[in-house]
Amino acid sequence: MNLPVPTLNIAEDAYRFRGELDRRDIISSYSGPLTDDILSSLGNSLRTKMEFDETDRKISRGVFSALVEQAQNIMRYSAETQAPPSGRDLEGKSLEDASLRFGMVLIGRTENGTWYVSCSNVINNDVVARLSQSISSLQGLDRKELGAMMKEQLRDGPPEGSKGAGVGWITIAREATGGFEFDFFPIMGTDKSYFTFKAYFE
Amino acid sequence: MSKLFIGAGVRTPQITFSFEDGVFSLEGESYPEDVRAFYDDPMAQFYTWLESTSAPLRFEFKLVYFNSSTAKVIMDLMERLEEAAGNGRECLIQWHYAEDDDNIKELGEEFAEDLVSAKFELVEVN
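One line per chain: the protein sequences are F and H, in this order.
Counting from 1, one number per residue, gives the positions in the first sequence under my numbering.
Counting from 203, one number per residue, gives the positions in the second sequence under my numbering.
Misleading hints may appear alongside valid ones.
Some chain F residues flagged as far from chain H (calculated, every beta-carbon gap over 10 Å) [said to hold, decoys possible]:
#1 L46
#2 V127
#3 M150
Taking lysine-lysine pairs in the BS3-like style, the calculated list, with each CA pair at most 25 Å apart, reads [unchecked claim]:
#4 F:K151 x H:K205
#5 H:K321 x H:K307
#6 H:K205 x F:K144
#7 F:K58 x H:K264
#8 F:K58 x H:K307
#9 H:K307 x F:K151
#10 H:K205 x F:K198
In short, the hints are calculated from the structure, not lab data.
C-beta atoms are modelled at their ideal positions from N, C-alpha and C, and glycine is treated no differently.
Based on the sequences and whatever the hints tell you, model everything.
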């Protein structure tokens with residue numbers, strides 16, 4: 001019996017892919033439709049790992065918190081979505097709320113021991129300026145200033161278009177002891193951009 | 203309406219509201235994606251009780267982690283408790299934090315800054 005000769009060793013391919021993750025210091029990664037359950041599973045397995053690593057509790061709490069805030073941003077705002085098929089029971093939710101939202105979550109630790117949480121998702125170009133402005137305004141503020149800003153925002157209520165309390169970025173900025181960075185990449189031929197936010201903990 | 207108990211979920215805290223004793227607590231973790239779906243009903247019950255009675259009350263926050271959307275729920279709650287205390291009601295707010303958790307402690311202190319009439323206590327837990 002002659003079996004077709006495979007053109008690619010799938011284990012080798014997977015090993016190389018895994019090697020690429022290692023090369024980028026990635027410990028946990030997820031790309032696909034993001035849900036609350038995925039978030040909890042990713043978060044809890046990471047917490048266990050950090051506990052086994054005897055990671056400073058302050059760092060592990062910061063990493064977990066940044067993961068929650070960033071992942072929930074994807075679940076609320078990613079412009080890469082999939083609506084349920086028509087006729088499906090939405091269980092009281094709007095079509096928008098019942099839709100899946102896609103994004104990528106990477107958590108890792110650089111060689112010098114700095115933990116990071118990096119989340120990416122597609123956004124519409126028309127929100128780039130506003131998002132960029134609101135995150136930039138947090139750069140360089142200290143904990144106390146961020147705390148005051150958070151309270152003010154909580155009291156005033158969420159800004160228009162916000163689906164949460166409007167203080168997610170402030171929360172991350174406050175806890176990211178190693179700072180944070182973000183950027184946008186226009187997706188050619190569309191009115192969308194790829195957005196990445198990366199927070200560091202040390 | 204003597205007692206409301208909701209067991210802890212993966213992302214939601216245990217809620218124990220003892221209306222008869224005037225003791226209320228939120229305990230555990232809180233980061234549901236949809237905070238309103240979880241909190242709206244129990245908080246409405248609490249606010250109804252708050253407005254229809256005048257007994258002293260104690261609110262215990264025993265949260266080890268909460269997300270920013272939950273912070274809004276807490277902020278609103280603190281404002282209502284302060285308002286009730288301002289109207290002469292005896293309101294004690296107890297904020298529990300683990301001894302090595304500066305973040306939760308700091309958040310409690312920040313919420314407490316706005317309290318004038320309500321009594322606020324930080325409770326260190328080992």
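Violated hints - listed by number, lowest first: 3, 4, 6 and 10
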